[in-house]
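Protein chains in written order, with the numbering used here: chain A, 1 to 112; chain B, 1 to 111.
Hint data in this document are derived by calculation from the structure and do not stem from the laboratory. A hint or two may mislead.
As the list claims (entries may be wrong) - With a straight-line Cα cutoff of 25 Å, these simulated DSS-like cross-link-like pairs (lysine-lysine) come out:
1) B:K1 - A:K57
2) A:K14 - A:K70
3) B:K98 - B:K42
4) B:K98 - B:K1
5) A:K83 - A:K57
6) B:K42 - B:K68
7) B:K68 - A:K9
8) A:K71 - B:K68
9) A:K71 - A:K9
10) B:K68 - A:K70
11) A:K70 - A:K83
12) B:K98 - A:K57
13) A:K9 - A:K70
14) A:K14 - A:K71
15) B:K68 - B:K1
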Amino acid sequence: DGGITQSPKYLFRKEGQNVTLSCEQNLNHDAMYWYRQDPGQGLRLIYYSQIVNDFQKGDIAEGYSVSREKKESFPLTVTSAQKNPTAFYLCASSVHRYTEAFFGQGTRLTVV
Amino acid sequence: KQEVTQIPAALSVPEGENLVLNCSFTDSAIYNLQWFRQDPGKGLTSLLLIQSSQREQTSGRLNASLDKSSGRSTLYIAASQPGDSATYLCAVATNAGKSTFGDGTTLTVKP
Numbered sequence: 001d002g003g004i005t006q007s008p009k010y011l012f013r014k015e016g017q018n019v020t021l022s023c024e025q026n027l028n029h030d031a032m033y034w035y036r037q038d039p040g041q042g043l044r045l046i047y048y049s050q051i052v053n054d055f056q057k058g059d060i061a062e063g064y065s066v067s068r069e070k071k072e073s074f075p076l077t078v079t080s081a082q083k084n085p086t087a088f089y090l091c092a093s094s095v096h097r098y099t100e101a102f103f104g105q106g107t108r109l110t111v112v
Numbered sequence: 001k002q003e004v005t006q007i008p009a010a011l012s013v014p015e016g017e018n019l020v021l022n023c024s025f026t027d028s029a030i031y032n033l034q035w036f037r038q039d040p041g042k043g044l045t046s047l048l049l050i051q052s053s054q055r056e057q058t059s060g061r062l063n064a065s066l067d068k069s070s071g072r073s074t075l076y077i078a079a080s081q082p083g084d085s086a087t088y089l090c091a092v093a094t095n096a097g098k099s100t101f102g103d104g105t106t107l108t109v110k111p
């Protein structure tokens, strides 16, 4: 069953903690992306990666970090430097950067 | 900087009606445009992808058009059904491979 799996579905973070969101795909896609969605708004790009061991900052990268050590995995760490991390986080992948993007089911992060 | 606008923000129609959702963008130097559907609390489902060289794409009751010169795309939904109720987003990809999303149109189809 091919697709993109995000985990966990819900995540709670205390002030000052780092948390890592998981994104795994078995579609053999080269490109992967992380987006943030706030209520009633569209998606904003955090980071993207076009090949293994390479990634670029998106429009709102401050307070976030990523790694791309394996083709199928693109974890996102929300650091304590991110002042307003409560949001819905979506991971996507595509064959390469110019092709159709497919999304996971998202992780809802809440700061408590 | 590319800006993408979707109007209206919300739309309510009776079942069976044909409808059009709009997406406009400020920079016509795009690579492609993609329409998505999002159900509450869920991820995005890809509906249609239009390359910059294409004028339209069709899938079932959905038809998407693209006019690059005027910076507009429309998503036409024929014979709407209650199951079509969702938020519809458009995303415009630039030659740098990054996509800019609109804020979406929330559609409600009443039985």
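Results of checking the hints against the structure:
1. Under the criterion of a C-alpha separation no larger than 25 Å, the hint pairing B:K1 with A:K57 is consistent with the structure, at around 16 Å.
2. For the hint linking A:K14 to A:K70, the alpha-carbon distance of about 29 Å lies beyond 25 Å, and the restraint is violated.
3. Pair hint B:K98 plus B:K42 holds up; C-alpha atoms about 22 Å apart against a cutoff of 25 Å.
4. A C-alpha spacing of about 12 Å is found between B:K98 and B:K1, which places the hinted pair at or below 25 Å, so the restraint holds.
5. Of the pairs offered as hints, the one joining A:K83 and A:K57 holds, with about 18 Å between alpha carbons and a cut-off of 25 Å not exceeded.
6. With a C-alpha separation of about 30 Å, the suggested pairing of B:K42 with B:K68 is violated against the 25 Å cut-off.
7. Our distance criterion of 25 Å between C-alpha atoms is broken by B:K68 and A:K9, whose separation comes to about 38 Å.
8. Of the supplied pair hints, the one linking A:K71 and B:K68 is violated, its CA atoms being roughly 34 Å apart against a limit of 25 Å.
9. A hinted pair counts as satisfied when its Cα atoms are at most 25 Å apart, and A:K71 with A:K9 qualifies at roughly 22 Å.
10. Between the alpha carbons of B:K68 and A:K70 the distance comes to roughly 37 Å, so the proposed pair goes past 25 Å and is violated.
11. Note on A:K70 and A:K83: the hinted pairing is violated, with a Cα-Cα distance of about 29 Å set against a maximum of 25 Å.
12. Of the pairs offered as hints, the one joining B:K98 and A:K57 holds, with about 11 Å between alpha carbons and a cut-off of 25 Å not exceeded.
13. Proposed proximity of A:K9 and A:K70 is supported: the alpha carbons are some 22 Å apart, at most 25 Å.
14. For the suggested pair A:K14 and A:K71, the alpha carbons sit about 31 Å apart, so the restraint of at most 25 Å is broken.
15. Among the hinted pairs, B:K68 with B:K1 is consistent with the structure: their alpha-carbon atoms are about 16 Å apart, no more than 25 Å.
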